[in-house]
Amino acid sequence: MSDTARIEQDIQAARARLEGTVNELAYRAQPQVIAQRQLQGLRLRLDAATHTEDGELRIERIGAVVAAAVVVVVAVGWLRRRR
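Heads up: the sequence shown is residues 1 to 83, going by full-length UniProt numbering.
Everything labelled a hint here was simulated from the structure, so no lab data went into it. Keep in mind that this is a model prediction, so the values were computed, not measured. No residue lacks a Cβ here, since even glycine has one placed at the ideal position from N, Cα and C. There could be a bad hint or two in this list.
[To be verified] Pair ranges (Cβ atoms, derived):
id, residue 1, residue 2, range
1, 60, 31, 34 to 40 Å
2, 48, 78, 30 to 36 Å
3, 48, 20, 28 to 34 Å
4, 52, 30, 34 to 40 Å
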């Protein structure tokens, strides 16, 4: 294979790699794809916060969140009555 043919082949391979990279970046930049990634990350964080590695519920954490929500609701109700 001549040097010119090899260089042309290298250029074609580089173009193909570049095209793949540009297509992947264009896909990742779509708002729908970004929203899906964010939602998936949120679900994973919520699952990690509420479940152990074995899949068991973390009752102490869920109970603390429920208790905090009750406190907020009571405080808001109390503040509204004072007005």
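Now for the hints, and whether the structure bears them out:
1. 60 with 31: 34 to 40 Å: holds (38 Å)
2. 48 with 78: 30 to 36 Å: holds (34 Å)
3. 48 with 20: 28 to 34 Å: holds (33 Å)
4. 52 with 30: 34 to 40 Å: holds (35 Å)
The structure fails none of the hints (numbered hints given earlier).
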